[in-house]
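**Student:** Chain residues, written in single-letter form:
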Amino acid sequence: MPEVTPSQTVGPFLTLGLEWPKGADVVPPGTPGTITVSGYLYDGAGDPVPDGLVETWQADPDGRFDHPDDPRGAVAPTVPGFLGFGRCCTDPEGRWEIRTLLPGALPGGEAPHLDVSVFARGLLDRVVTRIYFAGRPENATDPLLASLPAVRRDTLVAEKTGPEEYRLDIHLQGDRETVFLQV
Amino acid sequence: MLAHVTYALPRDTHPPLDSPEYRSTGLRHPTQPPVLLPQRLTEITGPLLHGQIGPNDHDLTRQHGGEPQGQRIVVHGRVLDSDGRPVPDTLVEVWQANAAGRYAHARDTWPAPLDPNFSGGGRVVTSSLGEYSFTTIKPGAYPWGNHHNAWRPAHIHFSLFGRAFTQRLVTQMYFPDDPLFAYDPIYRSVPEGARTRMVSAFDMDATQPDRALAFRWDIVLRGSGQTPFEDAHA
Numbered sequence: 001m002p003e004v005t006p007s008q009t010v011g012p013f014l015t016l017g018l019e020w021p022k023g024a025d026v027v028p029p030g031t032p033g034t035i036t037v038s039g040y041l042y043d044g045a046g047d048p049v050p051d052g053l054v055e056t057w058q059a060d061p062d063g064r065f066d067h068p069d070d071p072r073g074a075v076a077p078t079v080p081g082f083l084g085f086g087r088c089c090t091d092p093e094g095r096w097e098i099r100t101l102l103p104g105a106l107p108g109g110e111a112p113h114l115d116v117s118v119f120a121r122g123l124l125d126r127v128v129t130r131i132y133f134a135g136r137p138e139n140a141t142d143p144l145l146a147s148l149p150a151v152r153r154d155t156l157v158a159e160k161t162g163p164e165e166y167r168l169d170i171h172l173q174g175d176r177e178t179v180f181l182q183v
Numbered sequence: 001m002l003a004h005v006t007y008a009l010p011r012d013t014h015p016p017l018d019s020p021e022y023r024s025t026g027l028r029h030p031t032q033p034p035v036l037l038p039q040r041l042t043e044i045t046g047p048l049l050h051g052q053i054g055p056n057d058h059d060l061t062r063q064h065g066g067e068p069q070g071q072r073i074v075v076h077g078r079v080l081d082s083d084g085r086p087v088p089d090t091l092v093e094v095w096q097a098n099a100a101g102r103y104a105h106a107r108d109t110w111p112a113p114l115d116p117n118f119s120g121g122g123r124v125v126t127s128s129l130g131e132y133s134f135t136t137i138k139p140g141a142y143p144w145g146n147h148h149n150a151w152r153p154a155h156i157h158f159s160l161f162g163r164a165f166t167q168r169l170v171t172q173m174y175f176p177d178d179p180l181f182a183y184d185p186i187y188r189s190v191p192e193g194a195r196t197r198m199v200s201a202f203d204m205d206a207t208q209p210d211r212a213l214a215f216r217w218d219i220v221l222r223g224s225g226q227t228p229f230e231d232a233h234a
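As they're listed, the protein sequences go chains G and Y. When we follow this note's numbering, the leftmost residue of the first sequence carries the number 1, and every step to the right adds one. When we follow this note's numbering, the leftmost residue of the second sequence carries the number 1, and every step to the right adds one.
Think of the hints as simulated: they come from the structure by calculation, not from any bench. One or more hints might be untrue.
Unchecked claim - List time: in silico SDA-like cross-link candidates among lysine to any residue, alpha-carbon distance up to 25 Å:
hint, chain 1, residue 1, chain 2, residue 2
1, G, K22, Y, G54
2, G, K22, Y, D210
3, Y, K138, Y, D210
4, Y, K138, G, P12
5, G, K22, Y, N56
6, G, K22, Y, D89
7, Y, K138, G, E19
8, G, K22, Y, S119
9, G, K22, Y, Q52
10, G, K22, Y, R62
My request is simple: use the sequences and hints to build the entire structure.
**Tutor:** Following this line, the structure appears as structure tokens:
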């Protein structure tokens, strides 16, 4: 059997291959219910990471995926133009942002979440994390959140900073290091 | 929950995030062990991206008014999973330096010449058999600030999605017999037995007479870790 190809860093010039003009728009601009999810990416010294990339993948607002491997069956999104996928290169201040819809909850008690990949110069492989949303009652029963000590759980829960805005900073290292996941 | 596919974690394959010889890992590698996340619906699905390909995205030598400087090459191969199955209809993104080893990027400031006819970015979608192919020029090696007299071996960056979030991979393709491998901490960050998986092979059969040399490189994403035989007895 063929053996898996090793990962390598995206390097400092990742925008040449990975920056999409509309990458941050998981739904077309103007879609009702659009929320902005944003934050900063920091290194272990607390300095911004200006050569990083944040990618998100999520269920649609009904908790479904337009994907044949979902054992419940693929379901085309009810919202026109919903992609489920977003990507945003960090800016010189380390900031990233995506514009999307709040995902639905999933079977097995999973609260609404985004799966997140972070790439950067100096990261030889992506790191994976999740973004949950403050105030969602389902957070109380989510199996991943429940498995974490409270002090670390908060690194995965985006704060509601406005009627349609959430914010979560990602810390690659340090006292406030984000919980990263082995998938 | 209904049963579903999962993806096996490869052993002795990926570089450790803490690789001190590559200095930029120092402040950017997490120090806490990762938390195991069982693969559920969000992890076994993923973006199935296609239809965003421009007419010259597969040919980096035809994105401007003139031909770029350098050795024209075809780079091709297959995208597979580790069960040996081809990965069809999946987006492959590439980016690279020009023939002089300079990236068309504002932060690349080493004084090798830029090439007005070369941007260095491309994308293709694999065929129904998992095949991909693009035309470009052979990138040059370049110096970097990691340590005294540090040079990166010539490489092309590759980004792959597969069909699941779990399969996502970004890597670099190298060229055969590069003498800089022995000195490059990024190449050498990978476990020794897995390094050659990143190295393409010269492919005489795919060369184009009077036009281009060719290199072949197959890319392998995570599979289920189960052969069909094992599935039958599961």
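**Student:** Compare the structure with each hint and give your call.
**Tutor:** Evaluated hints:
Taking the CA atoms of K22 (chain G) and G54 (chain Y), the gap is about 15 Å. The hint holds against a cut of 25 Å. Taking the CA atoms of K22 (chain G) and D210 (chain Y), the gap is about 39 Å. The hint is violated against a cut of 25 Å. Of the supplied pair hints, the one linking K138 (chain Y) and D210 (chain Y) holds, its CA atoms being roughly 16 Å apart against a limit of 25 Å. Restraint check for K138 (chain Y) and P12 (chain G): satisfied, since their Cα atoms lie roughly 20 Å apart, inside the 25 Å limit.
For the hint linking K22 (chain G) to N56 (chain Y), the alpha-carbon distance of about 19 Å falls within 25 Å, and the restraint holds. For the proposed pair K22 (chain G) and D89 (chain Y), the alpha carbon gap of about 21 Å is at most 25 Å, so the pair holds. For a cut-off of 25 Å, the pair hint linking K138 (chain Y) to E19 (chain G) stands: about 22 Å separates their Cα positions. Note on K22 (chain G) and S119 (chain Y): the hinted pairing holds, with a Cα-Cα distance of about 19 Å set against a maximum of 25 Å.
This hinted pair checks out: K22 (chain G) and Q52 (chain Y) have alpha carbons roughly 11 Å apart, not beyond 25 Å. Our distance criterion of 25 Å between C-alpha atoms is met by K22 (chain G) and R62 (chain Y), whose separation comes to about 24 Å.
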